[in-house]
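So the protein sequences, as listed, match chains A and B.
By UniProt numbering, the letter at position 371 of the first sequence is numbered 371, and the numbering carries on one by one without gaps.
By UniProt numbering, the letter at position 392 of the second sequence is numbered 392, and the numbering carries on one by one without gaps.
Just so you know, the hints here were simulated from the structure itself, not pulled from any lab data.
A quick note: this is a predicted structure, and the numbers were derived from the prediction, not measured.
There is no bait here: all hints are sound.
Capping the alpha-carbon separation at 27 Å, the derived lysine-lysine pairs in DSSO-like fashion look like this:
#1 331(B) / 315(B)
#2 10(A) / 270(B)
#3 270(B) / 12(A)
#4 12(A) / 265(B)
#5 176(B) / 270(B)
#6 270(A) / 12(B)
#7 408(B) / 351(B)
#8 176(B) / 10(B)
#9 326(B) / 364(B)
#10 70(B) / 35(A)
#11 84(A) / 311(A)
#12 70(A) / 35(B)
#13 315(A) / 70(B)
#14 10(A) / 265(B)
#15 70(B) / 326(A)
#16 281(A) / 12(B)
Pulled a few chain B residues facing chain A out of the computed Cβ check, cut under 8 Å:
#17 9
#18 44
#19 110
#20 179
#21 209
#22 255
#23 256
Built from N, CA and C at the ideal position, the CB exists for glycine as well.
Protein chains: 2
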Amino acid sequence: MTTINDNYLKLKAGYLFPEIARRVNTFAQANPDAKIIRLGIGDVTEPLPEACRMAMIQAVEDMGSRNTFKGYGPEQGYTWLREKIAENDFHRYGCTVDADEIFISDGSKCDTGNILDIFGDDNIIAVTDPVYPVYVDTNVMAGHSGEVNNQGEYEGFVYLPITAENDFTAQLPTQKVDLIYLCFPNNPTGATATKEHLQAWVNYAKENHSIILFDAAYEAFISDPSVPHSIYEIEGARDCAIEFRSFSKTAGFTGTRCAFTVVPKTLTGKARNGSDVELWKLWNRRQSTKFNGVSYIVQRAAEAIYSDAGKAQVKDLIRFYMDNAKIIRDKLTEAGLTVYGGTNAPYVWVKTPHGLTSWDFFDKLLQTVNVVGTPGSGFGAAGEGYFRISAFNSRENVEEAMRRITEKFRE
Amino acid sequence: MTTINDNYLKLKAGYLFPEIARRVNTFAQANPDAKIIRLGIGDVTEPLPEACRMAMIQAVEDMGSRNTFKGYGPEQGYTWLREKIAENDFHRYGCTVDADEIFISDGSKCDTGNILDIFGDDNIIAVTDPVYPVYVDTNVMAGHSGEVNNQGEYEGFVYLPITAENDFTAQLPTQKVDLIYLCFPNNPTGATATKEHLQAWVNYAKENHSIILFDAAYEAFISDPSVPHSIYEIEGARDCAIEFRSFSKTAGFTGTRCAFTVVPKTLTGKARNGSDVELWKLWNRRQSTKFNGVSYIVQRAAEAIYSDAGKAQVKDLIRFYMDNAKIIRDKLTEAGLTVYGGTNAPYVWVKTPHGLTSWDFFDKLLQTVNVVGTPGSGFGAAGEGYFRISAFNSRENVEEAMRRITEKFRE
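Please put together the full structure from these sequences, using the hints given.
Here it is in C-alpha cells:
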C-alpha cells in the first residue's frame, strides 16, 4: 500500500498567488469591462535585454551543427558562466567566491526549496515574518513543522517579525536556531539590511553553528552604496552562509529561467556521528543526482548579462523599474498613505489605511480602482495591515494605477 | 548546530559516470595521442532538429517585444504544449491522458528524483537490477534504505534481476512492494516489455495498492508495432502508474532540457489517517511550490517536435541512431560477442567475453582499442558480466569503434 507524504496535508489551503488569481478572475468575470492593472505578483514586463537575445540566437545556431552542438553540460553549469559570475558579482565587491562554489540552476524558487535535501530533519528553522512563502511551505513539506494555527503560523518554526516597529530589522532570536532564512533587499517589505545588521547575524550563526540561507534575488536593485550586495561582504560569512541569486528580476528572466546558488567549500554541518561534513560536497552530489543542468541556450543568455552591452541594458532595465517604484512611492504618499521600501528594491510596502486588514484592502483596491496588489498577511501574520505593490509593470500602467488610487483616496 | 542529511553518507562513493570520466581522463593523460571514441554515457551527438531551432529563434524574438514577452509561465507548463503531447503521445495510441495530467519539466532525471517528495518514507521500493542509478540513489538520499553491502545493494530495497536467464523480464516480487520502478525500453539492457508483461505488473500493483513509476524515456526508439509505447496502453494503468517521458533522446534535447511527467487524476495514495489522497494534487502542489516552469523558449522548441516538419526530422534522427545500433549489433556479433537490445532501444547490451568482469572489459576496451562503454555492474550487481554500448555517436565514430573492436577480437 503506497503511502503519501502526510506533511503535505499540513499546508494551508492556497498558496498566496493562486488565491489572488482566483479573486481577480471572479471579479473580472463579473466585471468584464473593468481594466484591471496587476501590480501583485512580482513578474517583470519589459523585453529581455538585446544582448541576451542575441546570445541565444547564436546558441541556437550552435545547436544546428554537429561541431558546435551541445549535449549534456555539467550539472553545476558551464565554467564560462560560473567564472563570469564569480568575477562580476563577487570579486568586484571584494568577496572571496570561487567559480566552482557557484551552482547554476533554473530558479531560486527551486534552489531555496531543494537545499533542504542536504540538511537533517531535526534543525530548528527561523524565518522572518512576513516572508516569501516558499521558505515556509518547503519546510512544512519536508516535515520540519507541526500543525498550523489560526494566524497561519506553523508549530516548531521560529518567526522573527519585521515591521515598522523594529524598522524592518529582524531581531536575533533569543533561542538557538539552526537554519535561518534572510532575504535582503527584502521581499515583500522592500527593506534592506545594513552591514552591521548582517554582521550581527553572521556572528550569531558562527557562535551557534547555524547556517544562514541568504536570498539576494533583488540585489541588482540596490542603489545605496552603503548597502551590501552579498552576504559574503560580511566578515565570517563563508563559514555560515549559503547565498541564492537569480537573473529573474535582474535581467527579466522570469520566463527564461536561470539562477545560481553559492555554497562555499568552507561550510560544514554535523553528521550524527559528530563529524563535520562539507556542505559543498553534499550539494554537489544532490545536483549531480537530481538535476541535469540548465539549458545551454539559457546559460549563454545569462553569460551575455556580463558583456558590456548586457551590463548597460540591465542597468537601463533596473532604472526603468526603480523609476516606477519612485512614482508609486510618491503618488501613494501624496494620497496620504504610509509607504516603506521601493528605494533599493522593486517593492513598495504600504500600511493599509483606516486599520483595514490586508485582504480587505486588496478587495477594496480591486473593486474600486481595479488595481491588484498583494495582501501583506499572505506573507505571514506580521504582514497583516500591510500591502505590497510591485514596480514591475509598464510606465503607462503604473501611472494609470496611481492616478486611480490617488483620485479615490482624495475623495 | 546545523545537522546534515545523514543518508547522503550511505551513498556509494562515485556515481557511475564520474568514475568512467576519471578512468578515461587518466588514460587520456597517459596516452595523449590515443583517439578515444566515447560510446559510454548516453548522450546525443547530432544537431537539434531544424523545426526546434526555428521555433526557438521565433520565441527569442517574442521575448524582444513587450506585447509578446513572456514572464512567469504556468509551473505545470504551457497548455499549448501539454495539449500537443496529450494528442500525439497518448490519444494516438488510444490512451486516456488529459493535458492537465501532463507536467512539463526540465528533465526526467529531476522528475524521477523529485517524485519521492510526495510519497511517505515507509514505502517498500522495488527496482530492477541492473537499473538507472538515479532511482536508487535518490531513494537512498531520502532515507528509504539501510546500508550498502559489498555487491553495491542497499538494505531494504527489493531488487528484481533482469538478465539473459529471464529474458530481461523482471519477475513479479513474491512480497508486497509499494513503489516499483520500471523502465521500458530499458536503460541499460535495451530490452522491451510486452503488453502481457506490463499487464501482469499493473494487475500486481492494483492488487497491492502499489504505484508503478514507469520511465519511458526511450519510447521513441520502438520500431516493433507490438511493443507498447506507454504504460497507459495497459488496462488499469491509470489507477496505479505515473509515467516519465523525455525529449532528451527523442529529439536531441540533452543540452536543451525538456521532459514531462504524467500523473493521472485517478491515482491515490494512503494518508496516515487511512484516507485516500489524490497524487495529482500533491504533485501539482510540489511543482507549484518548488519549481517555476520550463523556459518559454525551450517549451516552444518542444512544441515544434509535434509539427509536421518536426515529426519528420525526429523520425530521421531516431533512424540515424538506430542504424548505428544495427551496425553495433552486427559488428559485435561478427566479432563473436553475444549482444542483446539495440532493436527498440539505442543501447546494445553485451555479454563480456571470457568471463571478464564489467570493469575489466571496460579497461580492456579503453586500453586496447580506445573505446569507452559503460560497465554493466555500474547499473547493479546483476549487471556484472555485461557492458553497455550506446548508439549515440556519429556514423564515422561508430564504424571506426566497431572496426577496432572486430579487428581486436578476431586476433
